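Student: Put chain B on the given structure of chain A with help from the hints.
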Amino acid sequence: MELKDFIEKFAEQFDDTDISVFTPETVFHELEEYSSLIALSIIAMIDEEYGVIIVGNEMRSSVTIEDLFNIVRSKKEA
Amino acid sequence: MAYNPFTLEGKKILITGAAGGIGRATAVECAKLGATLILTDINEDGLNSTLAILEGDGHVCLTANLTSQEALDDLVAQLPMLDGFVSNAGVTKPTPVKFINKDDLERIMSINTFAPIYLTQRLCKKKKFNEGASIVFTVSVGGVFTTAPGNAMYGSSKGALQVFMKNVALEMAPKVRCNSVNPGMVNTNLAGRSYSDEDKERDMQTYPLRRYGEPKDVALAIVYLLSDASSWVTGHALIIDGGKTLY
Numbered sequence: 001m002e003l004k005d006f007i008e009k010f011a012e013q014f015d016d017t018d019i020s021v022f023t024p025e026t027v028f029h030e031l032e033e034y035s036s037l038i039a040l041s042i043i044a045m046i047d048e049e050y051g052v053i054i055v056g057n058e059m060r061s062s063v064t065i066e067d068l069f070n071i072v073r074s075k076k077e078a
Numbered sequence: 001m002a003y004n005p006f007t008l009e010g011k012k013i014l015i016t017g018a019a020g021g022i023g024r025a026t027a028v029e030c031a032k033l034g035a036t037l038i039l040t041d042i043n044e045d046g047l048n049s050t051l052a053i054l055e056g057d058g059h060v061c062l063t064a065n066l067t068s069q070e071a072l073d074d075l076v077a078q079l080p081m082l083d084g085f086v087s088n089a090g091v092t093k094p095t096p097v098k099f100i101n102k103d104d105l106e107r108i109m110s111i112n113t114f115a116p117i118y119l120t121q122r123l124c125k126k127k128k129f130n131e132g133a134s135i136v137f138t139v140s141v142g143g144v145f146t147t148a149p150g151n152a153m154y155g156s157s158k159g160a161l162q163v164f165m166k167n168v169a170l171e172m173a174p175k176v177r178c179n180s181v182n183p184g185m186v187n188t189n190l191a192g193r194s195y196s197d198e199d200k201e202r203d204m205q206t207y208p209l210r211r212y213g214e215p216k217d218v219a220l221a222i223v224y225l226l227s228d229a230s231s232w233v234t235g236h237a238l239i240i241d242g243g244k245t246l247y
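So the sequences go chain by chain: A and B. Note that this note's numbering gives residue 44 to position 44 of the first sequence, counting from 1, and the numbers run on in steps of one. Note that this note's numbering gives residue 2 to position 2 of the second sequence, counting from 1, and the numbers run on in steps of one.
Next up, chain A with everything else stripped away, as it sits in the complex (with noise of 0.2 Å):
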């Protein structure tokens, strides 16, 4: 899995925050469209298209994206 592409598809689950603001170094739950919500989309989004299953006390403790993504990849090689 690359981290571009888990970067497209995190970008997907917001409507209002554009493209630009994604980064490997954002700190997503800063976010102003960020919610309890795209959350749960977010979730989603990993289980359907990495089959893995993120818990809320994972995205929590995630602060950038690429801590989140780091936490799937290590969980899909497990």
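Bear in mind the hints are in silico, worked out from the structure with no lab data behind them. From a predicted model like this one, the values you see are computed outputs, not experimental measurements. Certain hints may be false.
[Claimed, not checked] Simulated pairs of lysine-lysine, BS3-like, Cα-Cα distance not exceeding 25 Å:
{"no.": "1", "chain 1": "A", "residue 1": "Lys-76", "chain 2": "B", "residue 2": "Lys-93"}
{"no.": "2", "chain 1": "A", "residue 1": "Lys-76", "chain 2": "B", "residue 2": "Lys-166"}
{"no.": "3", "chain 1": "B", "residue 1": "Lys-216", "chain 2": "B", "residue 2": "Lys-200"}
[Said to hold, decoys possible] Ranges of calculated distance between the beta carbons of each label pair, as one might list FRET restraints:
{"no.": "4", "chain 1": "A", "residue 1": "Glu-33", "chain 2": "B", "residue 2": "Arg-202", "range": "13 to 21 Å"}
{"no.": "5", "chain 1": "A", "residue 1": "Asp-67", "chain 2": "B", "residue 2": "Asn-43", "range": "55 to 63 Å"}
{"no.": "6", "chain 1": "A", "residue 1": "Gly-51", "chain 2": "B", "residue 2": "Lys-32", "range": "41 to 49 Å"}
{"no.": "7", "chain 1": "A", "residue 1": "Gly-51", "chain 2": "B", "residue 2": "Asp-73", "range": "34 to 42 Å"}
Glycine included, C-beta positions come from ideal geometry on N, C-alpha and C.
Tutor: Below, chain B alone, put in the same frame as chain A:
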């Protein structure tokens, strides 16, 4: 002997989803109040753990996958005449509408809605209820009284079950009563791992009584509906939600 209008002495009661959570707590309370129980679940180890903590004798466990028509037939064939039936088995998977898929939706509807409907149908057809028996469905406030992000599949399954409950209440009267309990968020394994501890803490503050429910909170409401204390109550949805739906 002490006065107790909630006694279940002499009653035979079937409980589904008895391997944990609200089902297990209901079994524990019913046994304490004198009922003889038939417990079912797909999880055999969990069922045996429940059985091990019950007071009294004569309780039995029947492991069954309630989403299988054959398993339902087998289960019903093994049952004695019943004074109570608690349909409690349930699952969820918080998912936004745009990510709903056939596998998840069919699984949730099969366990939460179709299995209780098919099991009730068979119990009625096979005349398994004694005069004065009581049916209780564990529904939810979700889908019936509240909506929440990601709750469309679960809410739809419970909304359908709520409507079914009322129809059973009407058709089975006056011989059998039928009601539901409608809990808010209860501390069980069902209570979403999709939500972080921080999310749950924040959500809890939206409950006027400032906590999630415990399985026993719901179990004792089920006891009331099973007991003769509620003998003039049928078709009722009993909300147990720490005040959540007051808003």
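Student: Each hint needs a verdict: does it hold in this structure or not?
Tutor: Hint by hint, here is what the structure shows:
Proximity of Lys-76/A to Lys-93/B is assessed by CA-CA distance (about 20 Å); at most 25 Å being required, the pair is judged to hold. A C-alpha spacing of about 46 Å is found between Lys-76/A and Lys-166/B, which places the hinted pair above 25 Å, so the restraint is violated. For a cut-off of 25 Å, the pair hint linking Lys-216/B to Lys-200/B stands: about 20 Å separates their Cα positions. For Glu-33/A and Arg-202/B, the Cβ-Cβ distance of about 18 Å falls inside the hinted range of 13 to 21 Å, so the restraint holds.
A hinted range of 55 to 63 Å is violated for the C-beta pair Asp-67/A and Asn-43/B, which are about 35 Å apart. The given range of 41 to 49 Å is respected by Gly-51/A and Lys-32/B, whose C-beta atoms sit roughly 44 Å from each other. Separation of Gly-51/A from Asp-73/B is about 35 Å and conforms to the stated range, judged on CB atoms against 34 to 42 Å.
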